[in-house]
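Given next are the chains, with one letter for each unit.
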Amino acid sequence: MELLRKPVTVVWAVLMLATVASTWWLSKDVVSPVVGTVAIMVIAGFKVRLVMWHFMELRDAPVAWRCVQGAWVFLVTAMIAGIYLA
Amino acid sequence: MDQKTSLRFQLLSACCGPAFLVTFVFFWGILGNNIPNPSPSLSAEELALRYQNNLGEIRLGFIISMISVCLYLPWCSYLSARLQQIEGKFPTLANLQLIGGALTVMVVSFSACFWAIAAFRPEGNPELIQFATDSGWLIIDLQYACTTLQMVAFALCVLSDKKGQAAGTPLMPNWACYLTIFCAVSFFPASLTGVLKTGPFAWDGVMSYYFPYFCWLCWETIASYFMIKDVRRRIRESKSSSASLSLEAQPA
Amino acid sequence: MSAERDTCSLSVLEKKRRHLPGLEGVWVFVTADMTVFGILFALFMVGRDQDPEIFESSRQSLNPDFGGVNTLILLTSSWFVVLAVDAVKRKEGDGAQHYLAGAFACGVAFMVSKAIEYTQKLNENITLLTNDFYMYYFTLTGIHLMHVVAGNVVLAVLWFMARARTIDPERPTVLESGATYWHMVDLLWVMLFPLLYLVR
Numbered sequence: 801m802e803l804l805r806k807p808v809t810v811v812w813a814v815l816m817l818a819t820v821a822s823t824w825w826l827s828k829d830v831v832s833p834v835v836g837t838v839a840i841m842v843i844a845g846f847k848v849r850l851v852m853w854h855f856m857e858l859r860d861a862p863v864a865w866r867c868v869q870g871a872w873v874f875l876v877t878a879m880i881a882g883i884y885l886a
Numbered sequence: 011m012d013q014k015t016s017l018r019f020q021l022l023s024a025c026c027g028p029a030f031l032v033t034f035v036f037f038w039g040i041l042g043n044n045i046p047n048p049s050p051s052l053s054a055e056e057l058a059l060r061y062q063n064n065l066g067e068i069r070l071g072f073i074i075s076m077i078s079v080c081l082y083l084p085w086c087s088y089l090s091a092r093l094q095q096i097e098g099k100f101p102t103l104a105n106l107q108l109i110g111g112a113l114t115v116m117v118v119s120f121s122a123c124f125w126a127i128a129a130f131r132p133e134g135n136p137e138l139i140q141f142a143t144d145s146g147w148l149i150i151d152l153q154y155a156c157t158t159l160q161m162v163a164f165a166l167c168v169l170s171d172k173k174g175q176a177a178g179t180p181l182m183p184n185w186a187c188y189l190t191i192f193c194a195v196s197f198f199p200a201s202l203t204g205v206l207k208t209g210p211f212a213w214d215g216v217m218s219y220y221f222p223y224f225c226w227l228c229w230e231t232i233a234s235y236f237m238i239k240d241v242r243r244r245i246r247e248s249k250s251s252s253a254s255l256s257l258e259a260q261p262a
Numbered sequence: 049m050s051a052e053r054d055t056c057s058l059s060v061l062e063k064k065r066r067h068l069p070g071l072e073g074v075w076v077f078v079t080a081d082m083t084v085f086g087i088l089f090a091l092f093m094v095g096r097d098q099d100p101e102i103f104e105s106s107r108q109s110l111n112p113d114f115g116g117v118n119t120l121i122l123l124t125s126s127w128f129v130v131l132a133v134d135a136v137k138r139k140e141g142d143g144a145q146h147y148l149a150g151a152f153a154c155g156v157a158f159m160v161s162k163a164i165e166y167t168q169k170l171n172e173n174i175t176l177l178t179n180d181f182y183m184y185y186f187t188l189t190g191i192h193l194m195h196v197v198a199g200n201v202v203l204a205v206l207w208f209m210a211r212a213r214t215i216d217p218e219r220p221t222v223l224e225s226g227a228t229y230w231h232m233v234d235l236l237w238v239m240l241f242p243l244l245y246l247v248r
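Residue numbers (the working numbering), protein chains in the order written: chain A, 801 to 886; chain B, 11 to 262; chain C, 49 to 248.
Rather than coming from a laboratory, the hints here were simulated on the basis of the structure. This structure is a prediction, so every number in the text was calculated from the model and none was measured. One or more of the hints may lead you astray.
Below, in silico cross-link-like pairs of lysine-lysine (PhoX-like), each with a Cα-Cα straight-line distance of 25 Å or less [what the hints assert, rightly or not]:
(1) K14/B / K249/B
(2) K169/C / K806/A
(3) K828/A / K169/C
(4) K169/C / K207/B
(5) K173/B / K249/B
(6) K14/B / K173/B
(7) K207/B / K249/B
(8) K239/B / K14/B
(9) K172/B / K99/B
(10) K249/B / K239/B
(11) K828/A / K137/C
(12) K162/C / K806/A
(13) K173/B / K239/B
(14) K207/B / K99/B
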């Protein structure tokens, strides 16, 4: 299958796995609630970055746009984790 | 009417945009005690007290803002005329922009009038004051779709101006048109003011008040800037073409 | 001559390397929209901080299976859209058409799943007036759902365009702009889902 060899398919598979791990594993009592929550939000930020860079093609975009979008992921993830931990 | 006079009226109408903006913020916002605005969760007595304590300002603010909001009309009229030039024989979007703008003025006027009514007998029944205040806010916050259509029509028309883009003189750049569409759809959460009394979607909340009103005035500013720039460019062009005409007319 | 061609191909390469897919205006729209969602996320977290018990007990009444499956659906939909853009650029019209149909079907599946979830909550007499958590739950997911509905209209239009083969493979600006918007709808849900369903 040519489809399965595409890099974007690998990205999709990673995104699916990360979603399954967050939703049906990390959210259960395998780790403490605080560790689990922070890990889930960091994974979500990581997933958003993957979508931006590989699906939205920011990988090849002008630096200014990459900075703006990258800043969004960083600020939103840090803000959520920050208010949660505060 | 000669072209010079016509252009002068056009410039005057385009300048009504910033004039509307300044008078709206001052009379409606500051004098009308709308920054910050009364919370829908206030009791009738608290609300009546708010009117009694700031009676002069509130009356003056809303009575004058009902006059000054009409500065929006010449601005919309000019916008519509300019869009019609882009559209040609069938000015569908230009008309829509005009109707939307005209009705926006009526929506803003009606709500300000309800608050002027609330301030008319401030020592009277607090529940009636609350009723008038509620009416004003729900009128202005639930009926935003006229303004949304006005803005979307404007943006779509400027985006479709292939001739202006090819000549390097679009009415507004591409990004400003998309920002206009965004500002237009930013009003939608305001519909929740019909249900919620607290939180960001109540009529004193970030998402139903500060952000959409900011977006509306932001559009008003951006559009005014580019409209005035456009009129000035056309005034310059008309001057240079009349100068070259008079040169040609001179005997060799 | 050959040197000239080299600099020419280099500048083409440079241009390709710095390419922003779709219209710049769509990116302005998308960034403004994402900023609004950023503010909404912050408001939710501040609200949660003020009333942690209500937020936690209400959160536990949500079914994370819905949210998780919806995330998988939207991610897959986004993947289909990427494949569709790729197919158009390779001039594989059939592929583009099928991928866009797949992306559209995923969007419909998301709406159906959301409708079932809302119906369950409303049948338990839970509305946006129940408490602050449900106010945020219904408004945030509702605003996102409107983005999904708008995105599905865009996908349907793109699908018809792909069927009619009216997308220019050299400059698929409309397709790329729609794709950018749809990926934004996806990434907002990727953030929104754990925020509402999983933060304990």
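For each hint, the structure was consulted:
no.: 1; hint: K14/B / K249/B; verdict: holds, 9 Å
no.: 2; hint: K169/C / K806/A; verdict: violated, 41 Å
no.: 3; hint: K828/A / K169/C; verdict: holds, 23 Å
no.: 4; hint: K169/C / K207/B; verdict: holds, 21 Å
no.: 5; hint: K173/B / K249/B; verdict: holds, 22 Å
no.: 6; hint: K14/B / K173/B; verdict: holds, 24 Å
no.: 7; hint: K207/B / K249/B; verdict: violated, 57 Å
no.: 8; hint: K239/B / K14/B; verdict: holds, 17 Å
no.: 9; hint: K172/B / K99/B; verdict: holds, 16 Å
no.: 10; hint: K249/B / K239/B; verdict: holds, 15 Å
no.: 11; hint: K828/A / K137/C; verdict: violated, 43 Å
no.: 12; hint: K162/C / K806/A; verdict: violated, 31 Å
no.: 13; hint: K173/B / K239/B; verdict: holds, 18 Å
no.: 14; hint: K207/B / K99/B; verdict: violated, 48 Å
Checked against the numbered hints above, the structure violates hints 2, 7, 11, 12, 14; every other hint is satisfied.
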